[in-house]
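Asker: Produce the entire structure from the sequences given, and follow the hints as far as they go.
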Amino acid sequence: MPQHQISMVLDLNKCLGCQTCTMACKKLWTDGDGMDYMYWNNVETRPGQGYPRNWDKIGGGFEDGKLRPSELPSKEDYGQTFEYNYAERLFQGGMQAMPQEEVRNTPNWDEDVGALMLGENYYFYLPRLCNHCTNPACLEACPRKAIYKRAEDGIVLVDQERCEGYRYCMKACPYKKIYFNELLGKAQKCIFCYPRIEKGEVNACAKQCPGRLRFVGFLDDPDSAVHKLVHVYKVALGLFPEKGTEPNVFYVPPFNPPRTGSYGKSVLEDPRMPMDYLKYLFGDEVVDVIRRLEGELQRAQSGGASEVLQLLIGRDEHVRYQIPKHEQLIQIGGGHKA
Amino acid sequence: MKPFACVLFCAAVALAQNPLDPAAADWKSAAPMTLSLQRTPPLYPTDSAAAIEVSSVQAQFLHTNAGNFVRLQWSDKTHDTTVLPKAERAWQGDHLVTQSAATDRFSDACAFMVPAKPVIGDLNPSLQMGDAGHPVRIFVWDSTRGAAVMEASGRETTKRTGQLFPAQGQYAGGKWSVTLQIPDLNAGTPFAVAIWNGSQQDRDGRKYFTIWYRAQ
Amino acid sequence: MKNRRDFLKLGALAALGASIPGCRKADKPQLEAFTGPLDPLRAYPYRGWEDLYRKQWTWDKVVRSTHSANCTGSCSWNVYVRNGVMIREEQAADYPRISADLPDYNPRGCQKGACFTEYVYGPQRLRSPLIRAGERGEGKWRKATWDEALTMVAGKLLDNIYQYGPDTNTFFSVIPAMSPVSFAAGSRFAQYTGGVFCSFYDWYCDLPPGEPLTWGVQTESCECADWFNSKYIVLWGSNISQTRIPDAHFAWEARYNGAKIVGISPDFNSSMVHTDLFLSIQPGTDAALALGVAKYIVDNNLYDTPYVKEQTDLPLLVDKRTNLFVRAEGSTDRFFFHDAKTGKRHEAPGSMGSKEKTIALNGADPDLHYSDGEVTTVFELMKQKLAPYTLEAVAQTTGLALSDIKQFAHEFATRKPAMIIHGAGLNHWFHNDLINRSLILLVALTGNTGKNGGGFNHYVGQERVWPERGFKAYAFPEGAKKQRMQNMTLWTYLHSSNKDPHLYNGKPIEHYIEESIKNGWMPLYPKKRDQKPRALIVWRANYLNQAKGNEYILKSLWKDLDLIVDLNYRMDTTALFSDVVLPAASYYEKSDISTTDCHSYVHPFNKVLDPLYDSKPDWEIFRDLAKKVAQLAAERKLAPYHDQQFDWRRDFTKTYDLWSGNGKFQQPEDGANFILDGSPETKGMTFEQLKQHPQRFKKIDEEAWNSEIEEGRAYTPFQHQVDEKRPWRTLTGRQQFYLDHPWFLDFGEQLPVYKEPLADSAKYPFFWNTPHGRWSIHSTWRDARYQLRLQRGIPICYIHPEDAKARNIADNDWVKVFNDNGSFVSKVQILPGEKRKRLTMYHGWERYLGFLQGGWQSTSMIKIKPTQLVGGYGHVNFKLNYWGPTGNNRDVRVDIVKYTPTAADLQTIRRTGKGKA
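Chains as they are written, first to last, in our numbering: chain A, 1 to 338; chain B, 1 to 216; chain C, 1 to 917.
Careful, some of the hints might be misleading.
Stated by the list, open to error - These stretches of chain A come out as covered by chain B in the derived footprint (C-beta under 8 angstroms, 3 or more residues):
no., segment
1, 78-87
2, 135-145
3, 159-167
4, 171-179
5, 182-195
6, 287-296
Just so you know, the hints here were simulated from the structure itself, not pulled from any lab data. Quick caveat: nothing in here was measured; it's all calculated off a predicted structure. Cβ atoms here follow ideal geometry from the backbone N, Cα and C, with glycine treated the same way.
Answerer: Set out below in structure tokens:
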């Protein structure tokens with residue numbers, strides 16, 4: 001067990017699907033050699049194929065305490081990385097600007113598609129990053145023990161010196177949130193922006209999110225928003241809990257509006273989005289969360305007050321982020337220094 | 001220098017540079033050793049079993065003024081290596097950044113392992129990357145990423161030293177030919193060889209290996 | 001776990017282990033025992049490598065700037081420099097709080113702004129002046145020096161003036177608010193060379209004509225923080241999650257604060273997913289829905305009677321025979337209502353002709369329902385007009401469920417405050433004015449206009465220049481009366497081969513155009529009708545790519561122009577099709593300021609680095625062009641030109657002196673400070689000061705705006721009228737729903753009504769829909785690699801699965817979309833949320849990327865609505881960007897077929913061989 005566990009809660013009822021978080025992470029961390037196809041943070045439309053394609057179906061995680069087998073996603077599964085012939089078209093009188101190859105699959109291929117139920121469309125946006133799990137399957141799988149969990153904050157990292165690119169970790173991760181840098185021959189993944197966290201600054205994906213849907217703090221800090229949302233109000237759930245890795249990134253589950261002609265009915269009675277789909281993602285507990293959130297919303301919209309919704313408004317950074325100074329944590333918690 | 005001596009000198013120099021080329025004529029005269037290959041058993045519960053696709057590797061040795069060379073040759077139906085594409089990184093203008101080509105492919109590779117300390121008699125280090133007190137040095141050549149020197153004294157302790165060494169590989173007609181220039185390689189030096197077949201998802205301990213032999 | 005100290009001390013995770021959600025105890029995996037002492041789950045001794053990423057988050061210098069993109073964002077960004085290169089940007093998140101209760105504006109920004117550095121250095125960046133060496137659009141250029149390029153341009157402009165007249169030189173730049181100093185540099189040049197300055201807000205179809213018609217204003221909306229104050233928000237034709245990215249959170253947060261959110265849109269788009277009620281309306285029928293709700297409000301007496309009596313023209317008297325307002329004898333602008341208190345006719349205060357400069361009733365009680373043999377009220381006429389809009393009929397017309405509409409109508413009428421966020425989804429229709437007016441009627445009937453959290457709020461287009469007074473004085477220093485101003489829709493229509501075949505009340509649009517010009521309602525340049533425009537100068541805009549009637553323009557206007565000049569930092573389609581391209585500094589390489597409708601702050605552009613390559617800020621380009629004109633005029637010994645229209649003797653050797661204000665403006669910062677100093681909103685602020693963080697406006701210019709800026713309160717418009725009873729800026733002094741202009745009467749549009757989308761292309765079965773989306777701001781970022789990688793790489797259009805099946809079209813197929821105006825070939829995506837019988841392509845794709853034929857505007861044509869040509873009616877007169885025909889484009893219909901690429905197409909797609917541009 002680490003001394004403390006940093007954590008994030010994402011409110012899926014505020015996600016715009018704008019991909020600003022994706023771009024923030026990309027420009028800061030994955031703009032280098034061998035990283036072109038990587039999006040340590042991505043946003044996918046759900047239901048949908050996800051990124052990498054069908055990641056939720058190809059395996060990984062634990063079953064009965066043992067690592068489950070999995071395929072490795074191919075570059076095609078992650079999606080193409082387009083380059084264009086602009087110089088040719090715009091400055092040399094050349095042919096129409098096109099990507100370097102025919103378009104087949106991209107990381108956000110089925111944006112806004114979702115699915116139909118009884119003729120009505122439903123979907124929502126799901127931003128994803130490494131869950132910095134409490135029982136990381138990646139850490140378990142690495143034969144060189146090159147993946148570790150930091151004692152002072154629970155951030156899971158791949159040692160970029162000791163990693164040999166064997167990729168057992170990529171197979172083991174049920175969320176497929178570790179990537180392979182083919183040039184360096186190393187596995188790479190979300191680092192929870194630890195250089196920023198150490199300086200009291202929040203992750204780039206959170207800081208730059210215009211939807212303001214991310215809450216960041218220490219799960220074991222009773223004053224933090226994440227603690228309240230997960231443990232007190234209990235409105236935030238991890239993805240695929242049955243995979244057994246105990247993720248530390250949580251989601252407030254999403255609503256869709258009622259079906260045509262069903263305005264006024266409960267989401268549990270006649271939903272646009274089938275409850276089975278939410279259960280698939282978040283486990284059975286999601287039904288109770290939805291019921292309680294719906295009640296909170298009704299109360300607020302009838303002129304009453306709702307504590308949890310007031311918290312989820314997240315009026316400013318002080319409400320959404322609680323990152324104590326890192327030195328403080330190391331001294332008190334005795335975490336390892338470099 | 002007299003012209004005739006120059007020719008001889010140049011020929012000698014030319015001869016000395018050749019051994020790194022796996023197709024060099026010199027290798028025709030080196031006596032081949034055929035080494036049996038076995039596969040390591042599946043090490044992890046999620047690992048799948050693998051067929052024996054490569055049954056042996058041939059080793060030849062050349063000791064010249066320019067250095068000591070070994071050439072390894074083995075059959076491999078598939079050429080598992082990658083050419084990494086380049087693309088412009090906008091904010092560095094014409095600077096080209098290397099992109100990835102495949103994420104789920106493993107490269108063909110080979111390694112030449114020798115004891116890092118002189119051995120006494122036949123007490124070679126453990127084949128499993130040596131052991132405490134009996135370290136090994138491993139000269140790895142990866143068909144995508146090139147050559148690197150590693151050291152280990154037991155499994156899980158393998159470390160890159162940061163050194164490189166001269167090596168060249170060629171794939172033709174279903175066969176790999178890889179030459180490695182190994183320092184302090186003499187007749188009698190104990191050695192073992194590992195082969196990784198990329199198409200069988202080989203890497204780490206999932207590979208083909210030989211027992212200890214002595215170099216010619 | 002008691003408190004924070006405990007947390008820090010104890011590391012209390014173990015205590016929580018049992019209660020971690022989603023993890024059933026029985027399933028907790030047993031981690032395999034590690035061989036050896038290393039236990040990375042608990043401790044790791046090799047952490048030295050972590051400096052690798054710490055080093056990556058370092059920089060040498062950070063500078064605040066912003067983006068000039070017509071997005072209404074006006075977002076504050078920090079740009080990071082390392083080794084002399086801009087490596088990334090991150091929102092500064094430094095907007096001061098308005099109040100403790102309102103969520104703050106931070107971080108503000110989007111995924112596009114987050115990668116602008118890609119444009120700074122990318123392959124599209126213009127690095128030196130270029131002069132065309134092949135055909136227009138071919139992409140063949142020769143490099144030129146600045147001197148050569150500016151000499152060529154200045155020389156041709158002067159030639160045109162003396163040979164053909166100054167009104168053959170045309171200038172087009174848009175949205176001053178996004179960078180007014182860069183805008184004004186060119187408008188000053190235009191004024192001092194007698195050129196024609198064209199409008200944009202109407203041409204882009206962003207101007208909601210219902211606002212000038214009903215309120216006498218260009219557009220006035222609440223700042224977005226005010227959404228949080230609402231209890232009922234209707235997203236009507238507005239996809240805020242895609243188009244108001246920095247501000248959408250206010251709506252979703254308002255929901256948690258007790259607001260209900262209704263979404264009205266044909267498709268189930270990104271914003272609809274978060275609504276409480278989604279109304280999938282049949283395209284173009286929104287006015288019917290609004291009028292149905294209006295009828296419900298009226299029938300059930302749910303209107304705010306005192307408000308309606310005081311703030312609207314609904315009590316005013318109309319002559320039953322003539323359908324004209326009852327006016328005072330011999331006046332055009334004095335009106336009456338029937339006072340219930342006295343039983344007599346009473347002159348309505350506050351009209352344009354009234355002596356009383358207030359609309360306060362002072363005890364009078366207008367009778368909304370008055371009717372006798374001769375006169376009746378607007379209210380009663382409205383009731384008659386509303387009669388057909390029963391909720392049953394409306395359900396039929398709109399395709400909506402009756403129960404949904406009933407609840408919507410009731411909630412809109414009774415939940416307060418209620419607001420409509422109105423978008424391009426409505427405003428781009430031919431009958432946009434009727435749609436606007438119908439929606440405004442709703443907020444007026446319920447007394448929601450002029451209240452925090454209420455109103456009709458429109459943000460399409462960043463047209464609002466808050467520091468307007470100083471800006472106007474800088475941009476047109478000799479005043480609007482000495483500037484040739486032109487509605488761009490009319491200019492483009494008449495100077496291209498766009499020809500509307502439709503008849504309006506039996507007459508072609510040309511009839512109405514000629515009437516309008518003859519009456520002096522709409523100006524037209526060149527004034528001599530046998531003269532054609534000669535030169536077009538474009539900056540901060542992508543005129544050609546975005547123009548409706550694209551195929552017609554390419555065949556006509558674009559061939560007829562002698563000189564096309566584009567100032568730009570990237571080679572967009574207009575630049576590609578120009579004769580002279582002048583490289584402009586990017587947003588990070590110049591000084592300017594930025595304001596927007598969406599918030600009440602001003603903040604600057606700062607130079608992160610000096611202009612890269614051989615580029616110059618727009619401001620310097622126009623400075624040098626002015627100098628060049630002066631120089632050439634002297635060299636050629638040109639006699640001053642007598643500009644008869646203004647009686648202005650133009651000595652062009654003085655062009656630079658005039659442009660620089662006789663040396664007052666030496667740097668763009670001088671222009672910025674002039675604007676700041678000249679406007680009540682920003683008086684006392686300096687450009688230097690703005691660098692700290694965005695500053696909230698201090699007060700407002702009462703001549704321009706209609707509410708105060710108050711500390712601690714979000715801005716909402718029309719409080720002067722609603723609270724202080726100042727007259728509305730209309731003919732009647734009230735929110736005016738009755739327009740008795742003869743043309744409005746001829747078309748039966750004196751009151752808002754519902755009219756169907758134009759039927760003239762009805763032989764084509766699909767509505768053609770080109771909304772604004774998340775992946776671009778018009779054409780900006782349309783070719784940005786990092787954005788394209790998160791889409792499908794090239795232009796696509798969307799189709800419903802059933803429609804695709806009927807046409808045998810599969811996802812990712814090539815398709816051809818066509819009608820009588822033109823066609824294009826792109827790829828297609830199947831979208832279950834799309835509306836049946838409608839195709840969507842998000843807006844702004846560049847012609848040079850991804851299409852096998854044509855472009856996104858190939859199937860459109862310019863349509864002018866006759867009533868949008870009127871003038872001479874109180875508050876309804878042409879003023880640049882205030883009133884004029886709008887460039888509507890939603891009534892277009894098309895068809896679609898699967899397209900099989902030819903051999904040449906395949907070469908293009910696979911980038912082999914020569915292919916085809």
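Asker: Against this structure, judge whether each hint is valid.
Answerer: Taking the hints in turn, this is what the structure says about them:
Residues of the segment 78-87 of chain A lying with their CB closer than 8 angstroms to a CB of chain B number 3, which satisfies the three-residue condition for coverage. Requiring three or more residues with a Cβ within less than 8 angstroms of a Cβ of chain B, the coverage given for the segment 135-145 of chain A holds, as 4 such residues are present. Coverage of the segment 159-167 of chain A by chain B holds [criterion: at least 3 residues with CB-CB distance below 8 angstroms; count 5]. With a threshold of 8 angstroms between beta carbons, the proposed coverage of the segment 171-179 of chain A by chain B holds, since 3 of its residues qualify and at least three are required.
Judged by the Cβ-Cβ criterion of 8 angstroms, the segment 182-195 of chain A is covered by chain B as claimed, because 3 of its residues qualify and three suffice. Proximity of the segment 287-296 of chain A to chain B, defined as three or more residues with a beta carbon under 8 angstroms from a beta carbon of that chain, is not established by the 0 residues found.
Hint 6 from the earlier list is the only one contradicted by this structure; the remaining hints agree with it.
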